[in-house]
Amino acid sequence: MRSGEVNLTVDGTCFGKTNVPSCVRNEFFELNLGVDRFVKVAYKEPGITLSKIDEFLELTITYFKATCKIKNTRDHAVSVLVLDQVPVNVDDHFDVEILTPETLGFPGDKVDLTEPGKPGTKTAELGRDGEVRWEVTLEPDEEIELDLRYSIEAPFEKWGRDFPVPVAR
623 MRSGEVNLTV DGTCFGKTNV PSCVRNEFFE LNLGVDRFVK VAYKEPGITL
673 SKIDEFLELT ITYFKATCKI KNTRDHAVSV LVLDQVPVNV DDHFDVEILT
723 PETLGFPGDK VDLTEPGKPG TKTAELGRDG EVRWEVTLEP DEEIELDLRY
773 SIEAPFEKWG RDFPVPVAR
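Quick note on numbering: the sequence shown equals residues 623 to 791 in the numbering used here.
Just so you know, not all the hints are guaranteed correct.
[As the list claims (entries may be wrong)] Here are the computed lysine-lysine pairs in the DSBU-like style, where the Cα-Cα straight-line distance is at most 35 angstroms:
| # | residue 1 | residue 2 |
| --- | --- | --- |
| 1 | Lys687 | Lys744 |
| 2 | Lys740 | Lys691 |
| 3 | Lys693 | Lys666 |
| 4 | Lys691 | Lys674 |
| 5 | Lys693 | Lys639 |
| 6 | Lys691 | Lys744 |
| 7 | Lys662 | Lys693 |
| 8 | Lys740 | Lys687 |
| 9 | Lys674 | Lys732 |
| 10 | Lys662 | Lys639 |
| 11 | Lys687 | Lys662 |
| 12 | Lys662 | Lys740 |
| 13 | Lys744 | Lys732 |
| 14 | Lys666 | Lys740 |
| 15 | Lys674 | Lys687 |
| 16 | Lys639 | Lys744 |
| 17 | Lys639 | Lys687 |
| 18 | Lys662 | Lys732 |
| 19 | Lys662 | Lys691 |
| 20 | Lys666 | Lys732 |
| 21 | Lys744 | Lys662 |
[Stated by the list, open to error] The following label-pair restraints were derived from C-beta to C-beta distances:
| # | residue 1 | residue 2 | range |
| --- | --- | --- | --- |
| 22 | Val661 | Glu627 | 25 to 31 angstroms |
| 23 | Ser644 | Gly742 | 32 to 38 angstroms |
| 24 | Pro729 | Glu677 | 32 to 38 angstroms |
| 25 | Glu677 | Glu761 | 45 to 51 angstroms |
| 26 | Lys732 | Pro709 | 16 to 22 angstroms |
| 27 | Gly626 | Lys666 | 40 to 46 angstroms |
| 28 | Leu705 | Gly669 | 28 to 34 angstroms |
| 29 | Ser701 | Lys666 | 21 to 27 angstroms |
It should be emphasised that the hints constitute simulated quantities derived from the structure, not laboratory data.
Note that beta-carbon positions come from the ideal geometry of N, C-alpha and C, so glycine has one too.
Modelling step: build the complete structure from the supplied sequences, incorporating the hints.
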């Protein structure tokens, strides 16, 4: 297929025009179709749920929670990719531990969070640079909540007792 401009029509609805790259038979390419107005997303940025001081270990431990609610208002199932991120320790100034979803400790870790007996699928994977990748299939009129909880331990010697410091997102 030669590269060029194409009209995008999905389910009888025209989305507009876009450019597609050149490709050969059986080669794949990604095509962004924009925002689906039938998939409702509400994101609550990370907030502090608890902060405490461990005098013995000379650490400040702060717990954070971010929530993403997604609802499919279409009359058929949809697949959704949600990307979030946790802070990354690049210079040993603090330690980050992902608490929820469980078992995401190292890049490449993946967990199946699909609930037995319920329709749809849900997986979470930890990527490089703290990226948390959720892949979700939602049935018609289904709503889910994705919780990302993590803690940050910071030594007094680096941050003092006033941690948490503002976390760049």
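Now for the hints, and whether the structure bears them out:
| no. | hint | in the structure |
| --- | --- | --- |
| 1 | Lys687 to Lys744 | holds, 19 angstroms |
| 2 | Lys740 to Lys691 | holds, 17 angstroms |
| 3 | Lys693 to Lys666 | holds, 15 angstroms |
| 4 | Lys691 to Lys674 | holds, 28 angstroms |
| 5 | Lys693 to Lys639 | holds, 27 angstroms |
| 6 | Lys691 to Lys744 | holds, 13 angstroms |
| 7 | Lys662 to Lys693 | holds, 5 angstroms |
| 8 | Lys740 to Lys687 | holds, 25 angstroms |
| 9 | Lys674 to Lys732 | holds, 30 angstroms |
| 10 | Lys662 to Lys639 | holds, 24 angstroms |
| 11 | Lys687 to Lys662 | holds, 20 angstroms |
| 12 | Lys662 to Lys740 | holds, 20 angstroms |
| 13 | Lys744 to Lys732 | holds, 11 angstroms |
| 14 | Lys666 to Lys740 | holds, 25 angstroms |
| 15 | Lys674 to Lys687 | holds, 15 angstroms |
| 16 | Lys639 to Lys744 | holds, 32 angstroms |
| 17 | Lys639 to Lys687 | violated, 39 angstroms |
| 18 | Lys662 to Lys732 | holds, 25 angstroms |
| 19 | Lys662 to Lys691 | holds, 8 angstroms |
| 20 | Lys666 to Lys732 | holds, 23 angstroms |
| 21 | Lys744 to Lys662 | holds, 17 angstroms |
| 22 | Val661 to Glu627: 25 to 31 angstroms | holds, 26 angstroms |
| 23 | Ser644 to Gly742: 32 to 38 angstroms | holds, 36 angstroms |
| 24 | Pro729 to Glu677: 32 to 38 angstroms | holds, 33 angstroms |
| 25 | Glu677 to Glu761: 45 to 51 angstroms | holds, 50 angstroms |
| 26 | Lys732 to Pro709: 16 to 22 angstroms | holds, 21 angstroms |
| 27 | Gly626 to Lys666: 40 to 46 angstroms | holds, 42 angstroms |
| 28 | Leu705 to Gly669: 28 to 34 angstroms | violated, 19 angstroms |
| 29 | Ser701 to Lys666: 21 to 27 angstroms | holds, 23 angstroms |
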